[in-house]
Amino acid sequence: MTDRTLDLPQGTLDLLILKTVALGAAHGWAIAQRIQQVSRDALQIQQGSLYPALHRLERRGLVKSKWGASENNRRARYYELTAPGKKRLAAEEAGWERLVTAVSEVLGTA
Amino acid sequence: MESELSEELQFHFERQVEAFLEQGCSPGEARRRARLLFGGLEQVKEECRDARGISFLETLRQHLRYAARLLTKAPGFAATAVLMMAAGVGSSTLASWLLGQAAFRALPVKAPEELVSFRSPGPHPGFCSGAQDSTCFSYPLYRDIRDRNDVFNGLLARSNLSAELTFRRRTERVSLELVSMNYFEVLGVEPAAGRLFGQSDDGGRVAVLSHEYWTRRFGGDAAAVGQSIVLNNLRVTIVGVSARGLYSLAPGRSPDAMVPIEIQEMLLPVHPMLSARDYSWMNIVGRLKPGITRQRAQAELAPVFQRLIAEEARTMPVSWPGRDQLLSRQLELIPAGRGIEPEAGWMLVSLSAIAVCVLLAACANLAGLCLARAAARQKEIAIRTALGAGRGRMARQLLVEFLLPAAAGGLLGLSAAVGVAGAVTRMAFDEERARSLSSAPDAGVLLLAFAVSATTAILFGAAPALLPALGRSLGVLNTGNIAPLGLGQASFRKALVTAQVALSAGLMFGAFSFARALVKQNMWRHGPGKENAITFLLDAAAKGYYPAQAGRLFQRLEQKLSAMPGVRGAGFSIGDMSRFELEGRRLESPEDRSLWLQVSAGFLGATGSVVVEGRGLGLASEWPPRAVMVNETFRRRLLGGRSPVGRHVRWYGSDKWAEVVGVVRDQEAAGFLAPSVYYPYSGATTVAYYVRTGRPPELLFSAVKELVEREAPGVTPFELQTIDTQYAEATRSQRFMTAVLCVFGLLTMALAVVGIYGVTAYVVTRRRPEIGVRMALGATAGSVVSMVMKEVSGMIVWGAIAGVLLTLLVCRLLFPAGVGPNWGDEYPELAAGTLVVAAAAALAGLVAALGAARIGPARALRAE
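Chains A and B supply the protein sequences, listed in that same order. Numbered by this note's numbering, the letters in the first sequence go through residues 1 to 110 in order. Numbered by this note's numbering, the letters in the second sequence go through residues 1 to 864 in order.
Warning: the hint list may mix true and false statements.
Claimed, not checked - Okay, the calculated beta carbon distance ranges per label pair:
1. A:Leu107 x B:Leu60: 48 to 54 Å
2. A:Asn72 x B:Leu70: 49 to 55 Å
3. B:Cys25 x A:Thr109: 44 to 50 Å
4. A:Asp41 x B:Leu60: 43 to 49 Å
5. B:Arg373 x A:Asp41: 58 to 64 Å
6. B:Arg393 x A:Leu107: 44 to 50 Å
7. A:Leu107 x B:Leu387: 40 to 46 Å
8. A:Asp41 x B:Gln43: 44 to 50 Å
Stated by the list, open to error - Some chain B residues well away from chain A (every beta-carbon gap over 12 Å; in silico):
9. Leu64
10. Ala106
11. Asn153
12. Arg173
13. Leu274
14. Ile458
15. Glu791
16. Val836
17. Ala839
Keep in mind that the hints were calculated from the coordinates and are not lab data. Virtual Cβ for every residue (Gly too), placed ideally from N, Cα, C.
Given only the sequences and the hints, what does the whole structure look like? Please build it.
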């Protein structure tokens, strides 16, 4: 992570990846780009954390991968959400909401 | 996997480079910045791999590679372990395969579970011939039950007969099976060629060849069907060949051809047996009607059987003592799906026991070796565990290290078993039995046998091998000493070695026992008159000689043989084990039989028998005999050494007593020594000649053949061989067993000895500091040695005790009294076997202990 970007709390990377591929199958580069774009450069994911996370998610069955042709006709591995992944995403999102709300309230009252 | 990961990461890298290019960097700059951003590629790969987790196969491959590497670094260990496992698994596979064939294989007939055989223990009127008395019945009895029952879908009868078969001018002795006309129909089998017996063959002169004989003598040629052959003096036609794999209902027999019973009197007119109620020679087997149980059939047949038995009793003289017992005989129906009283025989049972011992010894050996190596690798294991290798992973690693040589040995053993099966059966059994056993290997049985032995190996061997993984490892790293973890391990290794000592003691006992029996018999053989002799059999009845004619022929031949150059004596005899009565003693148990031999005038002289008491036999030839002689074994076993002269004996079923007039020195007959009764030749039509010569015996063969051909054209001598060959044949099984026991006994003993040495050396190493301290404090070398020997002696003593108890237990279980070799008075051999193993083990331990004494105290303490 460079200086300008934020440190992700643990486990959040998985959530981000799941959300990103929920919008459609994507390869590792595209996922990283998307997260960077949507967060307006606040979050830059390096491949050192991205790929292990992707592989971990695949082992747990939350995403599945497939080789395909990329935009410039090179071979790339695409990841897409599975049904259990979808459920997991919903659960994690709800959990995140609750966490953020709770932390904000505490900070708000401080 | 690997290349995909690289490709994936490579793609990401290139997109990163493109992004930098778009931002305006030069290609070189773009690549440099991208590489900086990327960081360590290998690290990322490693993390991805970890994240993925490793598949089971991957792990297994790693374990195997590591185990294989360890093995190649220690070829001695690998070779020993693999070979021992091969020996263990191979021999138990082979033994259980043979055992299964002999005792458990169902007959290849239709619905074998419906077959029952007749059995009725008790005295028989008149003559009884057959492997087992209780399953022999007379032909009239068979016929009457066959025609008067409601419970069978068919009742067949069978018996053996040896005859001369002539085909295209070649004559040979064959083993025939006389069967009732409905034999094949009741069994429900199909022919392999031609046809089987049918209704139209009643009384017909037809024969069905066995598949084995057809392949052997006729080359499997279909043109054999329809040919005519001459059996004894009778011309019969071959109508077909029976199915492959169908031998006989009697266990261990492999007949060459089947002929109908009804032609018995044409085959052997000299001894008509079909209408004799006092000749029991047939086995009877029936197929129960569906829905009828054995018990019900038994109950329904009982009255018929009683009536027929009563008729048979009437053929016996009034004074016959067995009458009451005969009349109270019951008929039992025994399941015959596997044959008539199939039994493994003591040989196969012993082989199985030996194989199990070898297998267990091999497992103990392998487990001990694995433990020993693990002990040497204590540090390595500790480090690996400390670095994070899970307990489970360590256990799996050690398990694979044990299983790899075990599996390799097992497969080697399996192929060896298949390879030597044929040779082993031929070495271990006589020809006919061997033929009936080594049929096409049944893959199913073989695999089952292999699976059983492999599972045993794994269960007994893997458990101790896993031990090192289960202990604590901390102590090792700290002190560099093998202390806390070592304790449990050492006891286990000691237990394993103790087991090996016990097993090898048992096997050595067996080796000594058999060897002694052989040596004893060998000594008999080289008594006076035993060298340089030949023997042959003549069957005069086959060519139509009646007893009186046969007698004259035999005596003429005896005279002419004696007159031949180089011949020192000639005589003939024939007989078998019979029940009899000894005046003044009840002889009830089946072991109370004697060999009743009718002998010619020249027999005792030719065989060099010495009269040790009383006088010789007269020339009077009659049945029942008036005067008999007995041998020393008879005197010893039945009369406790007291003189039998003047006492009376009676052949079971005869009504006249004979007086014992003399005692003759023992001589073994064809490999075994039995109490014997000798009486003058009284009309047997098949006799065995004994001709002693001063020259090499083989020189007589052609002369004998010519002489017999001249004097009795058509009668051919068979089983013409030297006495040495006959002895070798008769003792084939025993010699095989002795060889097997010696080889395996020495093998397991050697391994036990090596094991003792290893464990003792290990113990010494473990206690090195202690020894150092003791010696520094003034202990002598002697006391150190004795301290170590105390440990060793524990193993040896326990091993010896366990070995003795185990051997006794196994012998009692497997060999009920009277079967097989006489185990009762084998205690000297038991002691000898145990002592030999104990001594060797003690020696090994001593050598290791002496190593302990050579440790200087300073060095020992420094090792701390």
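Now the hints, each set against the structure:
1. A:Leu107 x B:Leu60: 48 to 54 Å: The hint (48 to 54 Å, Cβ to Cβ) holds, given that A:Leu107 and B:Leu60 are roughly 53 Å apart.
2. A:Asn72 x B:Leu70: 49 to 55 Å: Holds, at about 50 Å.
3. B:Cys25 x A:Thr109: 44 to 50 Å: holds (49 Å)
4. A:Asp41 x B:Leu60: 43 to 49 Å: Holds - the Cβ-Cβ distance for A:Asp41 and B:Leu60, about 47 Å, lies within 43 to 49 Å.
5. B:Arg373 x A:Asp41: 58 to 64 Å: For A:Asp41 against B:Arg373, whose Cβ atoms are near 60 Å apart, the range 58 to 64 Å holds.
6. B:Arg393 x A:Leu107: 44 to 50 Å: Holds, at about 46 Å.
7. A:Leu107 x B:Leu387: 40 to 46 Å: Holds, at about 43 Å.
8. A:Asp41 x B:Gln43: 44 to 50 Å: violated (25 Å)
9. Leu64: At roughly 24 Å from the nearest Cβ of chain A, B:Leu64 sits farther out than 12 Å, so the non-interface label holds.
10. Ala106: holds (52 Å)
11. Asn153: The claim stands: B:Asn153 keeps its Cβ more than 12 Å from every Cβ of chain A (closest is about 64 Å).
12. Arg173: Holds, since 77 Å exceeds 12 Å.
13. Leu274: The claim stands: B:Leu274 keeps its Cβ more than 12 Å from every Cβ of chain A (closest is about 83 Å).
14. Ile458: B:Ile458 clear of chain A: closest Cβ-Cβ about 32 Å, beyond 12 Å.
15. Glu791: holds (52 Å)
16. Val836: holds (61 Å)
17. Ala839: At roughly 62 Å from the nearest Cβ of chain A, B:Ala839 sits farther out than 12 Å, so the non-interface label holds.
Hint compliance for this structure: hint 8 alone is broken.
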